[in-house]
Structures are given as structure tokens and as C-alpha cells.
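Enquirer: Please build the complex by placing chain B on the supplied structure of chain A, with the hints as guidance.
Read off the chains here:
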Amino acid sequence: NAGVTQTPKFQVLKTGQSMTLQCAQDMNHNSMYWYRQDPGMGLRLIYYSASEGTTDKGEVPNGYNVSRLNKREFSLRLESAAPSQTSVYFCASSEFSLHSGANVLTFGAGSRLTVL
Amino acid sequence: GIQVEQSPPDLILQEGANSTLRCNFSDSVNNLQWFHQNPWGQLINLFYIPSGTKQNGRLSATTVATERYSLLYISSSQTTDSGVYFCGSNYKLTFGKGTLLTVNP
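Note that the protein sequences, when read in sequence, are chains A and B.
Under the numbering used here, the first residue of the first sequence carries the number 957, and numbering increases by one thereafter.
Under the numbering used here, the first residue of the second sequence carries the number 10, and numbering increases by one thereafter.
Next up, chain A with everything else stripped away, as it sits in the complex (with noise of 0.2 Å):
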């Protein structure tokens, strides 16, 4: 099993390109997400799919926006990238255990991410 496969791994953009981050993973998880890392700042969440259909946003969505594509892939979209979104993008999916309340994460490997 291949996990939550990201791509690309690298990416470098000029100021007001727009790119889109890939994801897909084949857990069969009901639940996607994005997190963005920075020096200092520990992962927060930009965008989250409940399941296939539904997106809501997390405590940092501005200037992205997502695409449940099916239940396997949750893309990230930067429409005109600056760099205060230069980061490492981390994509995640889960599985609710209704037996026992637990949401445990399975994370990608990233996206590195530069915006000049």
C-alpha cells in the first residue's frame, strides 16, 4: 500500500502563479486533509473533507481553496500564490473508529513549496 501519496515534491512559483497540490490515498479513508508547516509554528490545519462531497475550513484557509475530487483525492489549490505561502504542505487522511472514538491521522510526505 502506497499510504497518501503528494505530489509534486518540490515546487517553486512566482508571485501570483496559481498551482495546484495533489493528493490520493488508497485507505479507503472517509476523511481528508491540509496542513501547512512552518519554522515555529507546528502544522495547522488550511482545508478539511469530512468524506466525499463535503469541505470546510480549518484556522488558516485564506488564500486556498480544495477539491474533494472522490473519496480518494483532496487537491489544494493556490489561485495566486504569495510568499507568505511558501511552506511544506502535508496532506492526511483518517478513518472514524465509531468502536472506539479514535481519529488517527495517516500523513503524505509533503510538498515543499516556494514562492519568490
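Derived by calculation from the structure, the hints in this document are not laboratory data.
Where hints are given, some of them may not hold.
[Claimed, not checked] Derived pair list, reagent style SDA-like, types lysine to any residue, alpha-carbon separation capped at 25 Å: (1) Lys965/A <-> Gln46/B; (2) Lys1013/A <-> Ser35/B; (3) Lys965/A <-> Met983/A; (4) Lys106/B <-> Ser91/B; (5) Lys1013/A <-> Gln12/B.
Predicted model, so just to flag it, every value in this text is computed and none were measured.
Expert: Structure of chain B alone, referenced to chain A:
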């Protein structure tokens, strides 16, 4: 939303030493998880520990939900333990800023 405070922010150990990492939470704890981010950036789930104590090899974790904190113990540390340790709580996981652990040979 919930605030998560991790301490210490940085920790340097000699191989073989023991350490304790702590997370304090501003609100009720649920779905609490510990992760290790290795020097290559990969995030690995260590524990799902909403309450009580769990052990996995040299690592163990304890959560006292009534007092809103969790501890991660690393015994006989190895250089491969180096990296950043994160704790997170709530369904969508709100994370702390992490503890950077460096284990020197």
C-alpha cells in the same frame, strides 16, 4: 479553539539518556495523538492515547485527561530518535509547535 503547548521546545541528549516531553491543553482532550517527524520530514504516528498509558518498545505515553496534559517518555535514546515530536488533540487534530529532539552519539 483548543491551545496546545509543548515543552521543552528544544532538547539535546547524549545517546542512552532518558527524556520526557510534555503537552498541555487549554481545553478537554480527545483523540490525542503523538507524532514523530524524522529529519527527512516524514510524520509517523507514535500513539493514539486519549487517556491512560501505552508503551511501544522504548517509548511510552501517558495522558491525564482530567488535568489536560500528556507525556511522552523516551528511554535509552538513540540517534534515530532525533527529530520533532508533535502532539495533537481534537477530531481534526490541533497541534502544538513541537519539541525538537537531538540525540548525539
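Enquirer: All the hints need checking, so say for each whether the structure fits it.
Expert: Structure-based check of each hint:
1. Lys965/A <-> Gln46/B: Holds: Lys965/A and Gln46/B sit about 16 Å apart, inside 25 Å.
2. Lys1013/A <-> Ser35/B: Answer holds: Lys1013/A to Ser35/B is near 22 Å, not above 25 Å.
3. Lys965/A <-> Met983/A: Holds, because 21 Å separates the two Cα atoms, which is no more than 25 Å.
4. Lys106/B <-> Ser91/B: 16 Å, holds
5. Lys1013/A <-> Gln12/B: 18 Å, holds
No hint from the list above goes unmet by this structure.
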